[in-house]
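**Q** If you read the sequences in order, they're chains A and B.
Position one of the first sequence corresponds to residue 1 (our numbering), numbered consecutively onward.
Position one of the second sequence corresponds to residue 293 (our numbering), numbered consecutively onward.
Wrong hints could be hidden among the right ones.
Listed next, the in silico BS3-like pairs over lysine-lysine satisfying Cα-Cα at most 25 Å (straight line) [stated by the list, open to error]:
no.	chain 1	residue 1	chain 2	residue 2
1	B	Lys714	A	Lys25
2	A	Lys180	B	Lys548
3	B	Lys692	A	Lys17
4	A	Lys180	B	Lys692
5	B	Lys657	A	Lys180
Distance windows between CB atoms, simulated [to be verified]:
no.	chain 1	residue 1	chain 2	residue 2	range
6	B	Ala552	A	Ser24	27 to 33 Å
7	A	Val121	B	Glu357	54 to 60 Å
8	B	Ser560	A	Arg127	56 to 62 Å
9	B	Ser711	A	Val121	52 to 58 Å
10	B	His717	A	Arg199	21 to 27 Å
Derived by calculation from the structure, the hints in this document are not laboratory data.
Even glycine gets a Cβ: it sits at the ideal position worked out from N, Cα and C.
In case you want the letters, here they are:
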Amino acid sequence: MDQISLQQQEQGTSLWKDAWIKLSKNYLALFGLGILALLCVISILTPWIAPYGYEEQNLMLGATAPSLEHWLGTDIFGRDMLTRIMYGGRVSLTVGFIATAVALIIGVLWGAIAGFVGGRVDAVMMRIVDIMYALPFMIFIVLLMVVFGRNILLLFLAIGAVEWLTMARIVRSQVMSLRKQEFVEAAHSLGLSQWTIIRRHIIPNTLGPVIVYTTLTIPSVMLLEAFLSFLGLGIQPPQSSWGLLINYGVETMEEYPWLLIFPGITLSLTLFALNFLGDGLRDALDPRTSKD
Amino acid sequence: MALLEVNGLTLYFHSRNGVVKAVDDVSFSVDAGETLAIVGESGSGKSVTCYSLLDLLPKPPAKIEAGTALFDGIDLLSCDAAQMRRFRSNDIAMIFQDPMTSLNPFISIGEQLIEPLIYNEDKSRRQSRSDARLRAIELLDEVGIADAEQRFNCFPHEFSGGMRQRVMIAMALINEPRLLICDEPTTALDVTIQAQILALIKTLQQKRDVAVIFISHDLGVVAGIADKVMVMCEGTVREANDTESIFYRSEDDYTKKLLAAIPEGAKSMPNRAQADSPLITVRDLKTYFHDYSTTIAGHIKAVDGVSLEIQRGEILGLVGESGSGKSTLGRSILQLAPITAGSIHFKGVELNKLSPAKLVPWRRKMQMIFQDPYASLNPRMTVHQTLAEPLLYHGLANPKNIDQQVQQLMDDVGLARNSLRKYPHEFSGGQRQRIAIGRAIATKPELIIADEPVSALDVTIQAQILDLILNLVEKHNLTMMFISHDLSVVRYISDRVMVMNKGVIIETADTEVLWADPKQQYSKDLLAAIPLADPRSERLRASTA
Chain A
1 MDQISLQQQE QGTSLWKDAW IKLSKNYLAL FGLGILALLC VISILTPWIA
51 PYGYEEQNLM LGATAPSLEH WLGTDIFGRD MLTRIMYGGR VSLTVGFIAT
101 AVALIIGVLW GAIAGFVGGR VDAVMMRIVD IMYALPFMIF IVLLMVVFGR
151 NILLLFLAIG AVEWLTMARI VRSQVMSLRK QEFVEAAHSL GLSQWTIIRR
201 HIIPNTLGPV IVYTTLTIPS VMLLEAFLSF LGLGIQPPQS SWGLLINYGV
251 ETMEEYPWLL IFPGITLSLT LFALNFLGDG LRDALDPRTS KD
Chain B
293 MALLEVNGLT LYFHSRNGVV KAVDDVSFSV DAGETLAIVG ESGSGKSVTC
343 YSLLDLLPKP PAKIEAGTAL FDGIDLLSCD AAQMRRFRSN DIAMIFQDPM
393 TSLNPFISIG EQLIEPLIYN EDKSRRQSRS DARLRAIELL DEVGIADAEQ
443 RFNCFPHEFS GGMRQRVMIA MALINEPRLL ICDEPTTALD VTIQAQILAL
493 IKTLQQKRDV AVIFISHDLG VVAGIADKVM VMCEGTVREA NDTESIFYRS
543 EDDYTKKLLA AIPEGAKSMP NRAQADSPLI TVRDLKTYFH DYSTTIAGHI
593 KAVDGVSLEI QRGEILGLVG ESGSGKSTLG RSILQLAPIT AGSIHFKGVE
643 LNKLSPAKLV PWRRKMQMIF QDPYASLNPR MTVHQTLAEP LLYHGLANPK
693 NIDQQVQQLM DDVGLARNSL RKYPHEFSGG QRQRIAIGRA IATKPELIIA
743 DEPVSALDVT IQAQILDLIL NLVEKHNLTM MFISHDLSVV RYISDRVMVM
793 NKGVIIETAD TEVLWADPKQ QYSKDLLAAI PLADPRSERL RASTA
């Protein structure tokens, strides 16, 4: 009953509603959001709109520079680069968002609970984080792959399960300074439950650094996927991802620069969009920045 | 010609949100051996005025629009950086408000003291390390630090707040400045320490014949120390005159308002305490904290065996200096700090025996008002959310009538209903404290513990909040424990007062009985240290001391 009524109350005017109003006035952030939305839509529609099939080879053609038939050129097997980048986006964006979401959820909750409860609980939880840090993450992922078999969804989870560690530490240090603040003590004295305090008073106040770190995590996750795929642990050719395309592009950089340039531009564009959106969100979610 | 002559100083802040006229056509002068007090509330421009003299403001956004500040005939506002550094190192020194943050914690105080001597801007005035050391020890001795030679190598954290402020004063005086600017040097200190520091500044000034500019928000503090007073408000000078004229024959409405706002005298409302009907009874309460500063496992005995009763309808004042355990006592009673021993009975129920879940319905009945109105409100919740949360959580309102109930609370604490959708940062300190008070009374509590609720506020706002609290106590039939380091405030609001020191209760008495006849030496010292907003009685006190 309590929970429901609190939520209904929140609909009146909430942080998120105000944030959206502010975000909609921040053109740079809207631009970032637009770019990301466009990339997502293209990725979803790729199987229907891609000009070629992703494994359609034309060995006779070989690597050709951009032309009218192949807007972004072809790779050494004569595969259309535009098609491969579009298909690569499906993998990269999914990895980026799912793995980051996993990292975000585990990291924020873990850090918030450790920091808020403190004492022995904090010590145990943070030692677990330290142990995970110390384990070479490759071994961890290889182990997961061996036990559960190679599976693209598992890959996302495995990357997320590695990336949450730093998030947990950031959130914990934030929470430790927040929990000493008088408004948290006031919440205690109102008799609010621990979980309600974490949810309503602690986590919203950690959003600033969390959002910034999230926008940094998404690209690093995309590159991690490329690295794993390069080692044969991730997706396999002829499937592609932006990270893999860049990796192969680097090898042939001198002869066929467009194999590096176009995937590179796509990834950079995504990063820019993420950063603009992240900064915009951070400001929008902070009521102290002005509304106009 | 006076040592420092400021004429038509005008300084604006140019920010994205427009121009703020921080200092607007301010003129004053101060001569050797003279003390000028600049008094004003926060935002009055009193500190900015003095910071601009030493070029300590970030430019931009600050920009000096007009005016001169002749120090010994040279204009401080237009001299170059090298010249300014010479002034800073040799002629003009500054003492800051917070002695806890104005010393570098990683450098021993001795090293910090001799810095201006061995790195003097003026090469001819530089001294050797050993000479500088001797000079520093001599000065530490003069500002009243015992064993100066041993303490020379100590680090700031090994000193108390008052001792650090003495070190700051020694540091300011080490190059024999001719002008000393003190920016609220005693605001962060306890009342007995404040009296000592004020006396020290006065003695040193007379001995060295320096000019002093003393910035303060508190007219009471400057009564005993200033020769001249300048009252500032919103960047302009409201009144400037000799101290006696300001205090006894003020012409200006704002000065009068400031003087009237100083809490004076006894509580004006009747004592509503019901005899022999204790709402809360504390028996032999002990709250210890682990002391991590020593390697041997030790305890800090924050509260060490306190017993008290608060009668229904009573306002009990709790006074003590910092570290006396008064805040911990308040938090222990409300079960916000885990207690080590003892018992707390609230309406006959022993709170300390209840499990957290069983405690929830009782929490509603006891609320707290905190000191810092900037930290006690969640910055990401609107006023409406802040006030609605306790009501909804405890089922005192439902989503249908919540708006009406929240508006009722806003009326109670004197805030406009149309500001419900605003966030805390959009309010002033006093308004925020009103919101915090609204949150505390939302659950219809019977007991409120107010922990220094007016200490962070300006004097005029302080008076308003005190009256608000008194009215609410009356209207909602509240019982209150009012914790403060400020004895005048406690006298103004309480029926009965407890004096606390080092975790124990020294003395308990009805307010006026205590003021008239304190029994214990500690209470006497405390009462004697209260600065009086009355230059004549201050002078009398100084001559008899």
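**Q** With respect to the beta-carbon atoms only, verify the hint that Ser711 (chain B) and Val121 (chain A) lie 52 to 58 Å apart.
**A** 40 Å, violated
**Q** Between the beta carbons of Val121 (chain A) and Glu357 (chain B), is the distance compatible with 54 to 60 Å?
**A** Check passed, 57 Å falls within 54 to 60 Å.
**Q** Holds or violated: Lys180 (chain A) with Lys692 (chain B), Cα cutoff 25 Å?
**A** 34 Å, violated
**Q** Look at the Cβ atoms of His717 (chain B) and Arg199 (chain A) and judge whether their distance stays inside 21 to 27 Å.
**A** Since the Cβ atoms of His717 (chain B) and Arg199 (chain A) sit about 22 Å apart, the hinted range of 21 to 27 Å holds.
**Q** Are the Cα atoms of Lys180 (chain A) and Lys548 (chain B) separated by 25 Å or less?
**A** 40 Å, violated
**Q** Does Lys714 (chain B) pair with Lys25 (chain A) here, judged by a C-alpha cut-off of 25 Å?
**A** At roughly 19 Å apart (the allowed maximum being 25 Å), Lys25 (chain A) and Lys714 (chain B) satisfy the hint.
**Q** Honestly, do Ala552 (chain B) and Ser24 (chain A) meet the 27 to 33 Å range at C-beta?
**A** 49 Å, violated
**Q** Given the hint of 56 to 62 Å, is the C-beta distance from Ser560 (chain B) to Arg127 (chain A) inside that range or not?
**A** Between Ser560 (chain B) and Arg127 (chain A), where Cβ atoms are some 59 Å apart, the hint holds.
**Q** Taking only the CA atoms, is the gap from Lys692 (chain B) to Lys17 (chain A) under or equal to 25 Å?
**A** Between Lys692 (chain B) and Lys17 (chain A) the Cα gap is close to 21 Å, so the pair holds against 25 Å.
**Q** Does the alpha-carbon distance linking Lys657 (chain B) and Lys180 (chain A) stay inside the 25 Å limit?
**A** Since the Cα atoms of Lys657 (chain B) and Lys180 (chain A) sit roughly 23 Å apart, the hinted pair holds (cutoff 25 Å).
Against the hints set out earlier in the document, violations occur for numbers 2, 4, 6 and 9.
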